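Protein chains in written order, with my numbering: chain A, 1 to 265; chain B, 1 to 265.
Check before you lean on any hint, since a few could be wrong.
Unchecked claim - BS3-like, lysine-lysine: derived pairs with alpha carbons at most 30 Å apart:
no., chain 1, residue 1, chain 2, residue 2
1, B, K110, B, K220
2, B, K50, A, K50
3, A, K257, A, K176
4, A, K176, A, K110
5, B, K214, B, K235
6, B, K257, B, K187
7, B, K154, A, K3
8, A, K235, A, K109
9, A, K132, B, K176
10, A, K256, A, K187
11, B, K42, A, K154
12, B, K220, A, K31
13, B, K256, B, K188
14, B, K235, B, K187
15, B, K214, B, K188
16, A, K109, B, K19
17, A, K132, B, K3
18, B, K132, A, K31
19, A, K31, B, K154
20, B, K19, A, K110
21, B, K3, A, K154
22, A, K19, B, K109
23, B, K154, A, K19
Claimed, not checked - Short derived list, chain A residues pointing at chain B, Cβ under 10 Å:
no., residue
24, V75
25, L79
26, A95
27, C99
28, V112
29, Y116
30, L138
31, H151
32, Q156
Keep in mind the hints are simulated off the structure, nothing from the lab. Since this is a predicted model, take the numbers as computed values, not measurements. Note that CB positions come from ideal geometry on N, CA and C, so glycine has one too.
2 protein chains.
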Amino acid sequence: MEKLYIIKIGGNIINDEEKLRQFLLNISTIKARKIIVHGGGKLVDQLAAKLGVEQQMIDGRRVTNAETLELATMVYAGLISKKIVAVLQSHLANAIGLCGADNNCIKAKKRVNAQYDFGYVGDIVEDGINTKFISYLLEDSIIPVFSSITHNNKGQLYNTNADTLASTLAIAMAEKYEVQLNYCFEKKGVLQNLNDENSVIPSITISEYQDLFKNEIVSKGMIPKLDNAFAAIRKGVKSVIISHADDIINIIGENKKMGTSLTAF
Amino acid sequence: MEKLYIIKIGGNIINDEEKLRQFLLNISTIKARKIIVHGGGKLVDQLAAKLGVEQQMIDGRRVTNAETLELATMVYAGLISKKIVAVLQSHLANAIGLCGADNNCIKAKKRVNAQYDFGYVGDIVEDGINTKFISYLLEDSIIPVFSSITHNNKGQLYNTNADTLASTLAIAMAEKYEVQLNYCFEKKGVLQNLNDENSVIPSITISEYQDLFKNEIVSKGMIPKLDNAFAAIRKGVKSVIISHADDIINIIGENKKMGTSLTAF
Chain A
1 MEKLYIIKIG GNIINDEEKL RQFLLNISTI KARKIIVHGG GKLVDQLAAK LGVEQQMIDG
61 RRVTNAETLE LATMVYAGLI SKKIVAVLQS HLANAIGLCG ADNNCIKAKK RVNAQYDFGY
121 VGDIVEDGIN TKFISYLLED SIIPVFSSIT HNNKGQLYNT NADTLASTLA IAMAEKYEVQ
181 LNYCFEKKGV LQNLNDENSV IPSITISEYQ DLFKNEIVSK GMIPKLDNAF AAIRKGVKSV
241 IISHADDIIN IIGENKKMGT SLTAF
Chain B
1 MEKLYIIKIG GNIINDEEKL RQFLLNISTI KARKIIVHGG GKLVDQLAAK LGVEQQMIDG
61 RRVTNAETLE LATMVYAGLI SKKIVAVLQS HLANAIGLCG ADNNCIKAKK RVNAQYDFGY
121 VGDIVEDGIN TKFISYLLED SIIPVFSSIT HNNKGQLYNT NADTLASTLA IAMAEKYEVQ
181 LNYCFEKKGV LQNLNDENSV IPSITISEYQ DLFKNEIVSK GMIPKLDNAF AAIRKGVKSV
241 IISHADDIIN IIGENKKMGT SLTAF
């Protein structure tokens with residue numbers, strides 16, 4: 001099977017124009033097939049504050065009211081998506097910015113939670129990925145750039161967690177490609193000790209993760225990312241690497257061992 | 001040659017959620033191949049006012065400063081584009097929201113004007129349309145939905161006049177399709193008398209337009225639209241129809257004569 005890299009970029013890169021440009025320049029030099037997944041960083045919060053749109057959080061998760069969904073659609077699927085595409089084009093890396101509604105690429109349904117209503121938050125449905133169109137783009141050497149906005153095919157857009165979107169995409173594409181999922185963020189990997197930037201755990205298997213989790217070695221913020229990662233691995237994704245965004249070129253381009261590599265065994 | 005409809009929708013429909021939904025429902029019932037082109041209506045002005053981003057106008061044309069370009073990219077290529085796509089999908093009309101940077105669909109260069117600097121305003125370059133990809137989408141029964149944001153292939157996005165974008169697209173696609181360009185707006189057509197909604201001029205040829213222009217019968221606001229329209233006709237577009245948005249279903253779906261039809265002779 002051909003290799004496919006699905007690269008999720010976090011808020012830290014997106015918030016910093018210079019970092020984003022450098023990251024995209026790096027990405028453009030990688031010849032292998034790739035998909036980029038992004039959220040929107042802090043820009044939605046900043047816009048919401050300026051416009052007086054109140055933000056409600058439940059257990060650290062954003063409640064997406066109608067106005068916030070509009071802001072997220074503007075920022076993620078508009079500004080950030082098109083900026084990324086324009087910069088990639090300038091490096092002769094052909095790209096296309098898509099959200100889940102485009103060509104019905106990613107179908108979701110409203111999150112149902114007995115306790116809370118998270119508003120316009122969508123969870124991707126079973127078989128919700130248009131792998132046929134995404135494959136067509138990849139075969140034509142076009143980089144699909146996905147913002148984390150999805151839809152329900154009934155006219156409603158949703159805000160979807162970008163980490164989950166990346167892992168769901170990875171699972172769906174694993175039927176046709178040997179998929180490596182790369183979570184790029186501002187730390188060098190999963191840290192043994194949050195205060196020591198150099199305490200990167202080089203690799204974690206599923207059983208090791210259960211130990212780390214039990215012993216509370218992984219930080220709370222990493223748990224959703226790791227849960228997503230291992231869900232992907234259980235469903236056919238070859239490997240997941242969590243690393244600093246600056247290291248992506250070494251990891252993919254030169255196949256160096258950096259960051260934290262997650263595997264089944 | 002197969003028929004292709006390029007349908008430009010104006011601010012008046014975009015500003016009104018209900019009108020937009022009805023319009024898109026109408027569009028979805030038309031089986032022929034079609035492209036939608038849209039700007040952003042008043043939402044950019046409203047956002048700019050709320051955020052304190054100053055808007056400068058020269059001769060009735062907006063100067064696009066860096067902040068306004070960001071707002072336009074958010075609103076046109078994000079919110080409005082994805083809303084249109086999601087609503088079309090709900091009517092089982094497959095669609096994809098694109099700006100000029102996506103898959104290098106529409107290439108532009110900064111407008112050069114000896115007198116004024118219009119900022120990030122882009123004019124589409126010769127051979128700037130990716131007709132191959134657009135044709136692929138059309139052949140696959142996907143409706144391309146273009147927002148009026150373009151790029152220069154060097155990392156810069158531009159704001160481009162949506163009427164001009166529609167006519168330039170029409171000219172490029174006329175090599176492969178029999179193109180009808182439809183400008184949909186809030187009046188029933190080109191009016192003989194601006195104060196009489198029913199004084200629609202049913203048809204105008206190029207030579208008749210020159211007379212109307214000389215005798216100042218067409219209103220100032222219509223001139224750019226008509227100039228664009230006749231430029232398209234001179235370059236191979238079969239016909240241009242300027243009509244009320246509500247009449248599109250009768251014009252395309254039932255081939256009724258409504259609005260103002262522009263032709264070469």
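Now for the hints, and whether the structure bears them out:
no.: 1; hint: B/K110 / B/K220; verdict: holds (25 Å)
no.: 2; hint: B/K50 / A/K50; verdict: holds (8 Å)
no.: 3; hint: A/K257 / A/K176; verdict: holds (25 Å)
no.: 4; hint: A/K176 / A/K110; verdict: holds (28 Å)
no.: 5; hint: B/K214 / B/K235; verdict: holds (23 Å)
no.: 6; hint: B/K257 / B/K187; verdict: holds (15 Å)
no.: 7; hint: B/K154 / A/K3; verdict: holds (29 Å)
no.: 8; hint: A/K235 / A/K109; verdict: holds (21 Å)
no.: 9; hint: A/K132 / B/K176; verdict: holds (26 Å)
no.: 10; hint: A/K256 / A/K187; verdict: holds (17 Å)
no.: 11; hint: B/K42 / A/K154; verdict: holds (26 Å)
no.: 12; hint: B/K220 / A/K31; verdict: violated (52 Å)
no.: 13; hint: B/K256 / B/K188; verdict: holds (14 Å)
no.: 14; hint: B/K235 / B/K187; verdict: holds (26 Å)
no.: 15; hint: B/K214 / B/K188; verdict: holds (23 Å)
no.: 16; hint: A/K109 / B/K19; verdict: holds (26 Å)
no.: 17; hint: A/K132 / B/K3; verdict: holds (27 Å)
no.: 18; hint: B/K132 / A/K31; verdict: holds (23 Å)
no.: 19; hint: A/K31 / B/K154; verdict: holds (20 Å)
no.: 20; hint: B/K19 / A/K110; verdict: holds (26 Å)
no.: 21; hint: B/K3 / A/K154; verdict: holds (29 Å)
no.: 22; hint: A/K19 / B/K109; verdict: holds (26 Å)
no.: 23; hint: B/K154 / A/K19; verdict: holds (18 Å)
no.: 24; hint: V75; verdict: holds (6 Å)
no.: 25; hint: L79; verdict: holds (5 Å)
no.: 26; hint: A95; verdict: holds (8 Å)
no.: 27; hint: C99; verdict: holds (5 Å)
no.: 28; hint: V112; verdict: violated (20 Å)
no.: 29; hint: Y116; verdict: violated (25 Å)
no.: 30; hint: L138; verdict: violated (13 Å)
no.: 31; hint: H151; verdict: holds (5 Å)
no.: 32; hint: Q156; verdict: holds (7 Å)
Violation of the numbered hints given earlier is confined to hints 12, 28, 29 and 30; the remaining hints are satisfied by the structure.
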